[in-house]
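Undergrad: Input sequences plus hints: build the corresponding full structure.
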Amino acid sequence: MNTLSNWFPAEPDLETVCQAYSDPIYALSQAEVPAIILRNAYSPTQCQGLINRFTNMGLMRDEADINSADKRSRIDIGTSLGNRGGDKAKFLAHAKATEHLFNFLFDGFDNPVDLIYNSLTALSPGKEVKVAREPDGARY
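Take 1 as the starting number for the sequence shown in my numbering and just add one per residue.
Hints are computed from structural coordinates only; laboratory data are not their basis.
Since we're looking at a predicted model, the values are computed, not measured.
A virtual CB, placed ideally from N, CA and C, is assigned to each residue, including glycine.
Do not take every clue at face value.
DSS-like mimics (lysine-lysine), calculated; alpha carbons at most 25 Å apart, straight line [unchecked claim]:
| # | residue 1 | residue 2 |
| --- | --- | --- |
| 1 | K96 | K130 |
| 2 | K71 | K127 |
| 3 | K90 | K71 |
| 4 | K130 | K90 |
What follows is a set of in silico ranges between Cβ atoms, one per label pair, in the way DEER data are often shown [stated by the list, open to error]:
| # | residue 1 | residue 2 | range |
| --- | --- | --- | --- |
| 5 | V113 | D136 | 32 to 40 Å |
| 6 | K127 | A97 | 36 to 44 Å |
| 7 | V131 | G58 | 18 to 26 Å |
| 8 | Q19 | S68 | 44 to 52 Å |
| 9 | I75 | N103 | 15 to 23 Å |
TA: The structure is reproduced here in structure tokens:
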């Protein structure tokens, strides 16, 4: 493990990180690096467009609307174990609805979920990155 004086995140982008580490996720798991940072991995222009879509669809509050009754302090677009993990049946039902939502949510934009999976695949050579599945095939 690196000493604290030279323990820096692996960054700034996927290409640089993969050149610096043969197996970046393994390096992270062994505390060779404290984090992997992929700066500007998703286009800021695309990001703003998606934020507008999420707001228009009611998936998140409009930060510009200071009089909004919506006071959520946490935004989960999709299924979160943190919010829904206490009830397996409800969690899996919500995950199925999320899978349906994600079939069209990113239409017209670069899909950020694909970006994450593709990045994780590149950072984990020889490993398969996929959606978790139950024995019956249910995905979450």
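Undergrad: Please go over all the hints and tell whether each is borne out by the structure.
TA: Hints, verified against the model:
For the given pair, K96 sits about 16 Å from K130 by alpha-carbon distance, which is consistent with the 25 Å threshold. Using a Cα cut-off of 25 Å, the hinted pair K71 and K127 is violated, with the two alpha carbons roughly 40 Å apart. Between K90 and K71 the alpha-carbon distance is near 24 Å, which keeps this suggested pair within the 25 Å criterion. A C-alpha spacing of about 22 Å is found between K130 and K90, which places the hinted pair at or below 25 Å, so the restraint holds.
For V113 and D136, the hinted distance range of 32 to 40 Å is not satisfied, since their beta carbons lie about 23 Å from each other. Checked against the hint of 36 to 44 Å, the pair K127 and A97 fails, with Cβ atoms roughly 28 Å apart. Checked against the given bound of 18 to 26 Å, the beta carbons of V131 and G58, roughly 25 Å apart, stay inside it. About 45 Å separates the C-beta atoms of Q19 and S68, a value consistent with the hinted range of 44 to 52 Å.
Range check, I75 to N103: Cβ separation about 20 Å, and the 15 to 23 Å hint holds.
In terms of the numbered hints stated before, the structure departs from hints 2, 5 and 6, listed from lowest to highest.
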